[in-house]
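Peer 1: Spelled out from the first residue to the last, the chains are:
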Amino acid sequence: MAAVSLRKVEKTYPNGFKAVHGVDLDVRDGEFMVFVGPSGCAKSTLLRMVAGLESISGGELHIGGRTVNDLPPKARGIAMVFQNYALYPHMTVYDNLAFGLKLAKTPKAELDQRVRHAATLLEMEHLLARYPKQLSGGQAQRVAVGRAIVKKPDVFLFDEPLSNLDAKLRAAMRVRLTELHRALREAGQPATTIYVTHDQTEAMTMGERICVLKAGVIQQVDTPTALYDRPANAFVASFIGSPEMNIVKAELRDGSLVLGGVSLPLPAARFGPVPQGPVQFGLRPEHISLQPRAGSIAVQATLKFCEHMGAEVFTYFDVGGVPFSARIPAEEGTALTTLPRGSALTFHFQMNQAHLFADDDVGLSFLA
Amino acid sequence: MSAAAEMNERAVGDDGRTPWLRYLMLAATAIVMLYPLLWLIGASFKSNSEIFTSAGFWPSKFSFDAYAKGWKTSTEYTFATYFLNSFLITIPRIIVTVISCVLVAYAFARFEFWGKKILFSIMVGTMMLPLIVLRLPQYLVFRELGWLDSYLPLIVPSAFATDTFFVFMLVQFLRGIPRDMEEAALIDGCNALQLLWHIIVPLLKPAIISVIVFQFIWTMNDFMGPLIYLSSVENYPVSLALKMSIGATEEVEWANVIAISVVALIPSVAVFFAAQKHFIEGATSSGVKG
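Note that the protein sequences, when read in sequence, are chains S and E. Sequential numbering of the first sequence, starting at -12, is according to our numbering. Sequential numbering of the second sequence, starting at 30, is according to our numbering.
No lab work stands behind these hints: they were computed from the structure. C-beta: ideal position from N, C-alpha, C; glycine also. It cannot be assumed that every hint is accurate.
Computed Cβ-Cβ distance ranges for the label pairs, DEER-style [what the hints assert, rightly or not]:
1) E:Arg172 <-> S:Ala91: 28 to 36 Å
2) S:Lys5 <-> E:Ala221: 47 to 55 Å
3) E:Ala221 <-> S:Asp347: 43 to 51 Å
4) S:Ala355 <-> E:Phe140: 51 to 59 Å
5) E:Ile128 <-> S:Lys5: 57 to 65 Å
6) S:Asp153 <-> E:Met156: 52 to 60 Å
7) S:Asp82 <-> E:Lys145: 30 to 38 Å
8) S:Lys5 <-> E:Arg204: 45 to 53 Å
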C-alpha cells in the first residue's frame, strides 16, 4: 500500500494544448480519493498520467515514496479498471484474471489461489470459464474489478467504471465497490484508490475525499460534507449537489443583499470582509422553504412550475425576475403542483446558510 | 386476415410477388457464371477428340485416362513433384509474409516514430507501382546473389513486408481495434513484444487469415515469378508445369491439360472454403461493450 503524491504535475500535448496545469495533490495511504469534474476537465488524463499511460510533461509523481515519472505502468504497482472494461476477448474470465500474474511468473498454486479468492470476493466463481462476450455489462464490470484485485496493487485506479451500466446496476455497483474498499481495509490491506467520475452522486457517496477539477486546475480537495457545506468557489458550489445550488447575481449594499428589488440582510458572522458592490449569491434549494425556519427571511415570489419527485417537490420560481429553485418536502409541496403558473407565494430563505462568491471568473467564496 | 397483418407475416425484403421467378433468374445467372468451370470439369473426363466435337459439358463416357496421363506428364517428373514444389514456395512465403507484415503493421498502427507519415505514404505509394518495372533490377540483384534457379527470389522479398497490400490491410484493421485492451495489458505487465503476441495477434486473427488465404492463392497462381527465376524443370511449380505440358509436344493433349488444371484448382478452393468462416467472423467479437 502506498500514498500517491503529485507535485506541480503538468501535461502539455504536442500541439501545444495544456491539459493539466501544475496539479499538487496528496492521496493518503489507503484513502479513497475521487476525481470529479465536467467533461474535458482532464480528470481522466490525470489518472492516466498516474497509471503511466500518458507521459508527464512537468512536475513529479511519487507512488509510495518513489518517483515514478519515467517508470512503465507495470513497475508502478498499480491496477486500473477501464470505462469499457477492456477485457481480453480471446481469453476466458479465469485467464483474464490470471494474465497479469502469469506475466509476473507467479507460481501456479498461488496464482490459482489468488484468482479464486478474487472470484469469491466478487461472487463470480461460476463465470470463470466464460468468455467476455458471454457476460452481461455488470458481470464484465466485476471481472474488470477482479482483474485489478488479483494483482494486489499498491494503488487502484478507476476510470469512470460505472458509466456504461444502467442506473439501477450503477447504484448497486457503487455500494459494492465501497464495501470492497472497506473490506480490504478491514482485512488489513487498505487499498489506496483513485476513482474518476463525472457523476457528483458517485463522488459524494464513494469518496473519502473529493478532488474537484475544472480545465486541468484543482478547484478544491476536501471531504464530501466539507465540499457541500463550504465550497471554495462558485464552480464547486454549482457542481456538487443535486439539484444545483441557486447562484444569482446580486449587489451588496450596507450589509444587505439586493436582488430582484428585494433586500436580504446578511448574517455578518458567516462571512469575512466582503467588498460593497456586485457579488454572486448562492443558496441551496433545500435552504428555501414554505415554512419559516430559524434565521429565515420571507421573500415574495412568483411560481413558475413544479416537478414532483415522490418524496419532494422541486419548485421553480422568480424573485423579481431572478430565477430560483427550492426542494420542498412532498407533504407541503404537493399542494403547489395544482397552483397556476404565476401564482404569488412566500418562500423563506435561510440566510444563515447563504454563500457569497466574488463576481468574477473564479468566484472565490467569502465564507469566514 | 387484414392487409396489414398480411404484410407483417412476410419476411423482410419479400415484396409479395412470386419468389420462384427471382430464384430462376438468380439460378440462370449463376449457371452462366459457373458454366466455364463446369465445362472444364466435364471436359476433363472426355477424350481429346470429344472435347472439340461436342458442345455439351457432360462427357459421353467417364474416363480417368486424362488424369492418369496428365499426372505423369511428358517429363521425367510427375505432378506430385510440381505440387510439392508449389508448396515449398507457398508455405515458407506465407510464413514470412505473416510475420513481417504483422510486425510492420504493428509499428505503423501503434508507435510514434520519426518520419512515420512519410514512410507510410511511400509504402502505400509502392502499391501503385506496376510490379513489372521492378522485374529487371530485381533479376540483376538476385543474379548477383547467385539465387537464380532457387526459390529464394520468390520467398525472401516477402520477409521484408514488401507485400504492401497486406501491411495496409493489417494497419487499417488494427486502427479499428480500441487501445484499451492494450493499455490494460501494459498495466498487467506486457512489454511491446508480449503485447503483440498475447493481445494484438489474437485480435488480428481474422485479418491474418485473410492474408494467408490471399497469399496462398496468389502464390499458387503466380506464373511470372517462377517463369523468370526458375530454369530447371525439377524446380517447376504447378503453374509452370501446366504451361509446359501445353507446349511440350507438337499436338497438345488438351484432355490432360484440362484434367491437371482441375487438380491444380483444388488447393486454392479448399483453402478458401476452410477459411471462409473467419472472413465473416471478425472484429465483432471484441471484448468492448458500448
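Peer 1: Does the beta carbon distance between E:Arg172 and S:Ala91 stay inside 28 to 36 Å, or does it fall outside?
Peer 2: Hint violated: Cβ distance 52 Å, outside 28 to 36 Å.
Peer 1: With respect to the beta-carbon atoms only, verify the hint that S:Asp153 and E:Met156 lie 52 to 60 Å apart.
Peer 2: This hint is violated: roughly 47 Å between Cβ atoms.
Peer 1: Starting from the hint 30 to 38 Å, judge whether the C-beta atoms of S:Asp82 and E:Lys145 obey it.
Peer 2: Roughly 33 Å apart at Cβ, these two residues keep to the hinted range, so it holds.
Peer 1: Are S:Ala355 and E:Phe140 spaced within 51 to 59 Å by their CB atoms?
Peer 2: Roughly 56 Å apart at Cβ, these two residues keep to the hinted range, so it holds.
Peer 1: Tell me if the beta carbons of S:Lys5 and E:Arg204 are separated by a distance inside 45 to 53 Å.
Peer 2: violated (28 Å)
Peer 1: So the hint says 43 to 51 Å: do the beta-carbon atoms of E:Ala221 and S:Asp347 match that?
Peer 2: holds (49 Å)
Peer 1: Range first: 57 to 65 Å. Now tell me if the beta carbons of E:Ile128 and S:Lys5 are that far apart.
Peer 2: Hint violated: Cβ distance 42 Å, outside 57 to 65 Å.
Peer 1: For the hint 47 to 55 Å, verify it against the beta carbon of S:Lys5 and that of E:Ala221.
Peer 2: Taking Cβ atoms as reference, S:Lys5 and E:Ala221 lie about 29 Å apart, which means the hint is violated.
Hints 1, 2, 5, 6, 8, counting from the list given before, are not met by this structure.
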